[in-house]
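Each chain, written out:
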Amino acid sequence: MTGPLTPDRLAETMKAYGVIEQVRKNRIRITTAPDKVHDTIRTVQVMFGFDRLITISAADNGRSLELIYHLTGPHRMVVSIAVELERAQPAMPTTTDILPPAGIYERQIHDLFGIVFTGNPHMKRIMLNEDWPADEYPLRKDWKPDPDTFYGGIKGERS
Amino acid sequence: MTDPVSGLIYVFIFPGFLFLFIYALFLAFLDRKIAARMQQRVGPPFFQPFADFIKVLGKEVIDPAGVDRVVFDAAPLVALAAVMTAFLYVPVTGNSPLAFQGDLVVVLYLLSLPTLVLFLLGWLSRNIFSAIGGIRAVTQLFIYEVPFFLALLTPALMAGTWSVSEIVLWQQKNLWFVFLQPIGFIVALVGLQAKLERRPFDIPEAETEIVAGPWTELTGRRLAVMDLTIDLSLVVGSALVAALFLGGPLIPWAIAPAWLEGIIGFLLFLIKTLAVLLILSSIKVATGRIRIDQLNDIGWKYIAGASIVQVGIVLVMNYLWVYA
Amino acid sequence: MPEVVIPIGPHHPALKEPVNFRIIADGEKIVRLELDLSYNHRGVEKAAEQRDFIRVLPLLERVCGICSHSHATAFAKGIEEIMQIGIPPRARYIRTIIAELERMHSHLLWLGVAAHLIGFDTLFMWTWRDREAVQDTLEEMSGNRVHYNINEIGGVRCDLTPSQVNAALARLPLLEERVNTYVDMVNSEETLLIRFRGVGRLSKEEALRYGTVGPTARASGIDYDTRKDDPYLAYSEAPWNVVTDSNGDVFGRTRVRVRELQESLKIVRFCLENLPEGPIRVPAPKNAPKGEILSRYEAPRGELAHFIRTNGTDRVERIDIRTPTLANWTSVAMCLVNRNIADIPVIVAAIDPCLSCTSRITLVDNQTQKAGVIGFDELIRRYRSRNPEEV
Amino acid sequence: MSVLREMFENLLSRPITILYPKEKVPIPAAFRGRIAIADDKCIGCSKCSLVCPAQVITMVDGPRNVEFRGKNLARKKRPQVKLYKCIRCGLCERHCPAGAITLKHELSGSGTDREVVVT
Chain A
13 MTGPLTPDRL AETMKAYGVI EQVRKNRIRI TTAPDKVHDT IRTVQVMFGF DRLITISAAD
73 NGRSLELIYH LTGPHRMVVS IAVELERAQP AMPTTTDILP PAGIYERQIH DLFGIVFTGN
133 PHMKRIMLNE DWPADEYPLR KDWKPDPDTF YGGIKGERS
Chain B
-7 MTDPVSGLIY VFIFPGFLFL FIYALFLAFL DRKIAARMQQ RVGPPFFQPF ADFIKVLGKE
53 VIDPAGVDRV VFDAAPLVAL AAVMTAFLYV PVTGNSPLAF QGDLVVVLYL LSLPTLVLFL
113 LGWLSRNIFS AIGGIRAVTQ LFIYEVPFFL ALLTPALMAG TWSVSEIVLW QQKNLWFVFL
173 QPIGFIVALV GLQAKLERRP FDIPEAETEI VAGPWTELTG RRLAVMDLTI DLSLVVGSAL
233 VAALFLGGPL IPWAIAPAWL EGIIGFLLFL IKTLAVLLIL SSIKVATGRI RIDQLNDIGW
293 KYIAGASIVQ VGIVLVMNYL WVYA
Chain C
-13 MPEVVIPIGP HHPALKEPVN FRIIADGEKI VRLELDLSYN HRGVEKAAEQ RDFIRVLPLL
47 ERVCGICSHS HATAFAKGIE EIMQIGIPPR ARYIRTIIAE LERMHSHLLW LGVAAHLIGF
107 DTLFMWTWRD REAVQDTLEE MSGNRVHYNI NEIGGVRCDL TPSQVNAALA RLPLLEERVN
167 TYVDMVNSEE TLLIRFRGVG RLSKEEALRY GTVGPTARAS GIDYDTRKDD PYLAYSEAPW
227 NVVTDSNGDV FGRTRVRVRE LQESLKIVRF CLENLPEGPI RVPAPKNAPK GEILSRYEAP
287 RGELAHFIRT NGTDRVERID IRTPTLANWT SVAMCLVNRN IADIPVIVAA IDPCLSCTSR
347 ITLVDNQTQK AGVIGFDELI RRYRSRNPEE V
Chain D
4 MSVLREMFEN LLSRPITILY PKEKVPIPAA FRGRIAIADD KCIGCSKCSL VCPAQVITMV
64 DGPRNVEFRG KNLARKKRPQ VKLYKCIRCG LCERHCPAGA ITLKHELSGS GTDREVVVT
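Residue numbers (the numbering used here), protein chains in the order written: chain A, 13 to 171; chain B, -7 to 316; chain C, -13 to 377; chain D, 4 to 122.
Only chain A is shown next, with the shape it has when bound in the complex:
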């Protein structure tokens, strides 16, 4: 760790893990493959001291489902590790063992997007009420509230 961390020094070492792009003054975005996410986060945590997970955001861009891990550290830089999963069978190894708060976000993303996180200790339903149909994931683009089902007490009329 020679001297303060600079974006290009981080970009340099992380080149091995995937496509790098400089989003803003202090932000790096790395796009990697699903199986490499775990050790990308590991190296970033250990080598560059990114000790805090800001959030895991999930998005559905029509073609595939995307997951972005945002981490920050005492040097105030933000690294976003993005990964793309195909729509049919979205699955990801869990990161709860290295990021305890990740257990929270993964379960919420699982409820809303249906991305399965293999290895998460307890994949209990958290967000949607108990009688929510199991295979419906509301935040996917192709999900529309169909009028006659009952969503937790409210008829699914179109907003």
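By construction, these hints were calculated from the structure, which means they are not laboratory data.
There is no bait here: all hints are sound.
To spell it out: a stretch of chain D is covered by chain C in this simulated footprint if at least three of its residues, at any positions, have a beta carbon under 8 Å from a beta carbon of chain C; those stretches are:
no.: 1; segment: 5 to 12
no.: 2; segment: 30 to 37
no.: 3; segment: 88 to 100
Far from chain C, by Cβ distances over 10 Å, these chain A residues were calculated:
no.: 4; residue: F60
no.: 5; residue: A100
no.: 6; residue: Q101
no.: 7; residue: P105
Calculated cross-link-like contacts (lysine to any residue; reagent style SDA-like; alpha-carbon spacing at most 20 Å):
no.: 8; chain 1: A; residue 1: K153; chain 2: C; residue 2: G29
no.: 9; chain 1: C; residue 1: K190; chain 2: A; residue 2: Q57
no.: 10; chain 1: D; residue 1: K107; chain 2: C; residue 2: R131
no.: 11; chain 1: A; residue 1: K156; chain 2: C; residue 2: A33
no.: 12; chain 1: D; residue 1: K25; chain 2: B; residue 2: G35
no.: 13; chain 1: C; residue 1: K32; chain 2: A; residue 2: N73
no.: 14; chain 1: D; residue 1: K27; chain 2: C; residue 2: D122
no.: 15; chain 1: C; residue 1: K272; chain 2: D; residue 2: S49
no.: 16; chain 1: C; residue 1: K15; chain 2: B; residue 2: T131
no.: 17; chain 1: D; residue 1: K27; chain 2: C; residue 2: Q121
no.: 18; chain 1: D; residue 1: K79; chain 2: D; residue 2: C48
no.: 19; chain 1: B; residue 1: K25; chain 2: D; residue 2: F11
no.: 20; chain 1: C; residue 1: K32; chain 2: D; residue 2: A57
no.: 21; chain 1: C; residue 1: K190; chain 2: A; residue 2: G85
no.: 22; chain 1: B; residue 1: K25; chain 2: D; residue 2: S16
Every residue gets a Cβ at the ideal spot worked out from N, C-alpha and C, and that includes glycine.
Based on the hints, put chains B, C and D in the right spot on chain A.
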């Protein structure tokens, strides 16, 4: 008692139940008004406690499932009866005609009955919150009971008699006990605040933790009666402390017409109980609730210690007094 | 007493908003707990995808009652960055003033509620009386005490007239004096100390590991404050410093919040006194170009992260709101174990939970006592076994 | 116990709470209250109904000619607001070019029929 009519009036009308009922509601109003004004709020109108009592009396009585209705109705009445009879022995306009040797112990016993009733109610209502509240009520009872009794018995020790009226007579001749036993006075006030389960010690009905403790399942007339009991015991408690430490309703020099002395005695009684109430209200406003284990440490270390020290001092003074 | 399950249920006097705890207690000690949220989940993120940029701001303001300006500003500043339009300095100052006024009214509200939870109603009445001065200022500036709706893409909806500025400045001295009394009251008042000190202690490593944010983290010595780390609006120009504390317990969090009140007062005074002249809005285009941004904002409860993705239309393709309370829930669960029941409200209130924010996306604590699912200590054992050098 | 000193000061001073029906709280200038539509200024451009987040403004036909910035227009439609569904956010007032729709200082009151309409 000379003739039955004045006895009946004494028990039921003047310094008896009717006066106690009105004065209790007035003190409850005053307590809430002082607390409100200290927090820069307007506070309730003077008839608010009476209106609450009538309203709650009229509310529907809900029996929780599987609860023994008879005992659930009877328990609050037992507490009410206990506190009312305790008031008969406290001197209001001069010595109470019913006084007898040892009525101080009777009053103290009757005053601690409501807490036991609260525990019974908590346990009876089969609700987890009231069970915990009941246990906390009894735990608190054990913590403050010993120092409270000690603090109230030291005046009896010094006055050499076990009757409240005779203690008041003794104070008429010599100094008030508040000057002779200041520590006892403070411990008595703290104990009274704990007995009435008021702010720093309202652990049993801590509404932000266990909903309302033993009071959770009380509805309708049961709640009205229990609330009235707590207001009554506020009057009885402050009257007792006023009698034992502030000299009660008697003035040192006698005045010719007997009825004038009675009136002045009654005014003195009012003033002294209001003074005690002011102290209790300001304690209530100035503090927040402490936890049951903290009460345990404070209770046994400081309050019990203080009352034992006070007893020691009184013994020494008695010894010197006798041989001086 | 055998192990007893106490439902501190969705409707409970200690909780301002619906959250459900199933506490497994042995006597007064809490052995395990199961926490379940999402009782007022309203699908704000799905609804936000169907509204254009003008109509989405009032919706985002209603994500949370107390930090409404935070959500609107975080979204607006994210979209403005994607559109690459710079808002005029006057608009930046007005947004900062409203943001800091909201932080003050949120912290004063919290101080009152925390005092009420331990039964100290006097402080509750006094703090909420002084909060009225902040609320009146906000109502004069924006027309409403809660949902100010002052933000727009490209600037601010209405201007601050000189009379409003002077009225606000006139209220500051009394507020400063009152806040100073609260600072020494929090440090010296025995009734607060006895119930707050040593309760729910979080060490610096634990706070970092559980991902706590805002005053909860700063009370354990972590100096993360998005206003300093990633300056936005007028925070780089105003003279203020990050407030941290070393105690880490509820007492530390109270001190941090009360001293943050003093900092906010300094910022508001600075912004009011040198409010730059000039326009308050810049005409914003109807559609936003394709792009994505992680817009970070320091809400009263902690760091708020809006992940916004746009696809060239006038609507947002995806908005992922991670609220500060969500990040703090893990630390609450970890602090509650083997504490007293009497401490539940205090510890829960210490992170100043804002459930309507969180319920939009929720969390359940990761220790459930159902059969087959590992309990809390087992989780920690597995965590330690996997990376010995970490812990 | 600094609390004691302040408590007894308060005990003797006037309470700060305002008894609402007798004393009224002053309403600030920017207060957003009941919605009001000035029919003479409205040019029927339906910008308000497009902008309304709660979508409670519907355009009903109301032919009238209106004088706007020196020109004389014959407008065809005018706005109609469901009073009890309006969230009083002030966006219509902000986006109306003719300043026809404004939020007054009175409160919108309450009622049972949610479809009550203000024209």
